[in-house]
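Undergrad: Spelled out from the first residue to the last, the chains are:
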Amino acid sequence: MSDALIDRPAADETEAHEAVAPETVAPEPTVVVSDLHLLNRIIGKGRRGGGAAAAARRLLLREQAPGQRSVHAVRGVDFTAYRGEAIGLIGPNGSGKSTLLRAVAGLMAPAQGAVWTRGQASLLGVSAAMMGGMSGDDNIVLGCLAIGMTPAEIAEEYESICEFADIGEFVHLPMNTYSSGMGARLRFAIAAARVPDILLIDEALATGDARFRRRSEQRIHELREEAGTVFLVSHGLTIIRETCTRVIWLEDGRIVLDGPPDAVVDAYVERHENGDRPPARRAARARR
Amino acid sequence: MIDPAAPASAPAPGLQRAGARLPIAEYSRRLWERRWFAVAYANASNSVGYERSFLGQAWQLLTPLLNIAVYYLIFGLLLHTNRGVPNYIAFLSVGVFVFSFCQTSLTSGAQAITGNLGLVRALQFPRAVLPLSTTLVALLRLLYSLIVIVPILLISGEPVTWRWLELLPAIFLQALFCLALSFTVARIAARVPDTTQILPFVSRVWMYMSGVMYSVQVFAQGHASWVSSVLTLNPGSVYLQLARHAVLVGSPAPLNTWLIAAAWAFGGLAVSYLYFWRGEDQYGNV
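Those protein sequences? They're chains E and R, same order as listed. Mapping to the numbering used here: the first sequence position 145 is 145, numbers consecutive. Position in the second sequence (first residue = 1) + 288 = the numbering used here.
Be a bit skeptical, because a hint or two may be false.
Far from chain E, by Cβ distances over 12 Å, these chain R residues were calculated [stated by the list, open to error]:
no., residue
1, Ala-298
2, Ala-300
3, Gly-307
4, Arg-318
5, Phe-325
6, Val-327
7, Thr-369
8, Leu-411
9, Gln-485
10, Val-490
11, Pro-542
A partial selection of chain E residues facing chain R, derived with a Cβ cut-off under 7 Å [unchecked claim]:
no., residue
12, Ala-114
13, Ala-129
14, Leu-142
15, Gly-236
16, Leu-237
17, Arg-241
No wet-lab data here; the hints were simulated from the structure. Small disclaimer: the values here were computed from a predicted structure and weren't measured. Where is the CB? At the ideal position from N, CA and C, for every residue including glycine.
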C-alpha cells in the first residue's frame, strides 16, 4: 500500500519533507483522485447579441453563446485519501480548492480524469437549501430533508441540533434576523447531524465565536472517527494545523505539496508571508 | 463530458465514480426518498415568494383576479371574442386559471436548475426534485385559485353538478403534463441560459393558440381541417376543455379529449423524465 502521506516536489522550490509512515496497518482508500481536470463554465458579463432572435438561433442551432468561456480551475490533480484522515486544503484564492471539493462530492463532472469515492461524499453546504425568510425550526426541517434525512430521523435529531446550534429562543425567529455567527452555528449543526461517509467542509468554521469553534472542531473530530474521511478548506491555518492529519497545498489548480500539516503549512507560510509569489501566479494576475 | 480515456473500473474494490449518473431505477428510488424535500422546498419557496409585499399571500388570489379583469375588458368587451360562448366570464375564468398552471410550470421550470444553482452546487440529490418542486408550487397556486373560481362560477349562474368531480382527474392529468413540461425546459435552460428570455414569447403564443379567451371549436369552424386538428391536439387547449366541460353547462367532455389528455400526460412525462435524467451529471457544471 502506498504511504498516506506523500510529499511532492514543488514546481520551483521546497524540497520534500520526511514522510511519516501511516499508523494503520492496511489503510483503506476512501477517495481516489486521478489526473483530475475541472472546467468552470463562465458566462461572460455584458456580452452583446443577446436579443430574442439571437437567442432563438442559438437554441435552434445549438451554438455556443458568445462570451462563454471556461476557467481551467483544476489542472491534473492526483491523490488518494484514506479512512481516518482529516485532510486540509490550503492555497490562495482561486487555486481550485472549492472546485476540487465539488468534484469529490460528485457535484461537478470532470473534464478529464476521475474521482472515485467509497460511499457518498457530502459537502457541508446545507445553507443553500435554507431560506432567510423562514424560522430556524422550519429551516432545520428543510435543511435536514435536503441532506437526505427522513421526517422520522429529523424528529429524532431535532433536539440535539437545537442544542448544538445553541441559539436559544432565536430558533423560532426568521433566519434573516440572526447574526452571522448564529446562522453559521445553525447551518453547521444541521449539516453535522448526519454522518456522511466522506465529509467535505468549505470555510464553514470561518464565522462563529471561539466557543463554537472549539465545539465544531470537537464535532469534526467525532465525525472523522465515525465517518471515515474529512476534507477541510480553510484560510485559517491554525484550524488546519489543529484539526487535520494531512494537508494538501494547491496553487493554480495543481498540487504544490502534500504531507503532514506542520511541514506543509510552514512551507506555505514561508512562501506567501514573504510575498514571494511563484512566477505562474504573477503572470495570471498580469493577464487580468 | 466524461473522458473516454479515464479508467472504467475502480482503482480499488468498493470505490464508485463520484458524480456518475445513476441507473434510472436507482435514480427514481432516490427521487422517491427525497419526496418530502420536494414538498417542503415547494412550500417554502411558495411562502417566501410573497414575503416582500404588503399584501403577502393575498397576491395568490389577486393576480389571477386582475388577469381575468384585464382579459374580460379587452377580449370580452372590446374585441368581442366571446362569440358562441354563453357564459363568457365563467368560460374566461376557468381558461385563465387552468392555462396559467401550464404557463407557470413552463416559466418556473426553466428556473428549476438555473435558479437553484447554489443548491445544485452544494448538495447531492436527484436533480429531478427541483422541477418536481416548481411544478408543485404551480399546482398549489392553481388549487388556491379555486377559492376565486368557485364564487365566480356560482355568481355567473353555473349550477353545481356531479360533473364538477371530473376536475380531479383533469387536474391530475394536467399536473403530470406540467411536470413533463418542467423537466424538459429545466434541462434546456440549464444548457442554454437564454431560454429564460425566450420563454415569455413561447408561452404567450401558446396561450393565444390554446383558446383561453375564445372557443377553439367555434374558431375552428370555417378553417382548414389541419387547423382544427392542431388546435384540438394542443395540450394547452385539451386541459382547458376538460376543465370547462367539467364545470360549465353543456355536454360532457368527449372521450377522445380524455384520451389525448392522458397521452400527453403519461407519454410526455415518460419521455421528459428520461430526457432530464440523461443530463443529470452535467447540471452541476452550469
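Undergrad: Hints first: check each against the structure and report whether it holds.
TA: Quick rundown of the hints versus the structure:
For Ala-298 of chain R, the non-interface assignment is contradicted: its Cβ lies about 6 Å from the closest Cβ of chain E, within the 12 Å cut-off. Distance check on Ala-300 of chain R: its Cβ comes as close as 5 Å (rounded) to a Cβ of chain E, failing to clear the 12 Å threshold; non-interface status is violated. Annotated as non-interface, Gly-307 of chain R brings its C-beta within 12 Å of a C-beta of chain E; the closest such distance is 3 Å. Non-interface status of Arg-318 of chain R relative to chain E is broken: a Cβ of that chain comes within 12 Å, the nearest being about 9 Å off.
The claim that Phe-325 of chain R is not at the interface with chain E is violated, since a C-beta of that chain comes within 12 Å of its own (minimum 4 Å). For Val-327 of chain R, the shortest C-beta to C-beta distance to chain E comes to about 9 Å, within the 12 Å cut-off, and the non-interface label is violated. The beta carbon of Thr-369 of chain R sits about 27 Å from the closest Cβ of chain E, which is more than 12 Å, so the claim that it is off the interface holds. The Cβ of Leu-411 of chain R sits about 6 Å from the closest Cβ of chain E, inside the 12 Å cut-off, so the non-interface label is violated.
The claim that Gln-485 of chain R is not at the interface with chain E is violated, since a C-beta of that chain comes within 12 Å of its own (minimum 6 Å). A beta-carbon of chain E comes within 12 Å of the beta-carbon of Val-490 of chain R; the shortest separation is about 10 Å. Every C-beta of chain E lies more than 12 Å from that of Pro-542 of chain R, the closest at about 36 Å, which supports listing it as non-interface. With its C-beta approaching chain R no nearer than about 4 Å, Ala-114 of chain E sits inside the 7 Å limit, and its interface hint holds.
Below 7 Å, beta-carbon pairs count as interface contacts, and Ala-129 of chain E has one with chain R at about 6 Å; its hint therefore holds. The restraint placing Leu-142 of chain E at the interface with chain R holds, with a minimum CB-CB distance near 5 Å, inside the 7 Å limit. For Gly-236 of chain E, the interface hint is violated, the least distance from its beta-carbon to any beta-carbon of chain R being 21 Å, above 7 Å. Restraint check, Leu-237 of chain E versus chain R: the minimum CB separation of about 25 Å is more than 7 Å; hint violated.
Because the beta carbon of Arg-241 of chain E sits about 27 Å from the nearest beta carbon in chain R, more than 7 Å, this interface hint is broken.
Checked against the numbered hints given earlier, the structure breaks hints 1, 2, 3, 4, 5, 6, 8, 9, 10, 15, 16 and 17 and satisfies all the rest.
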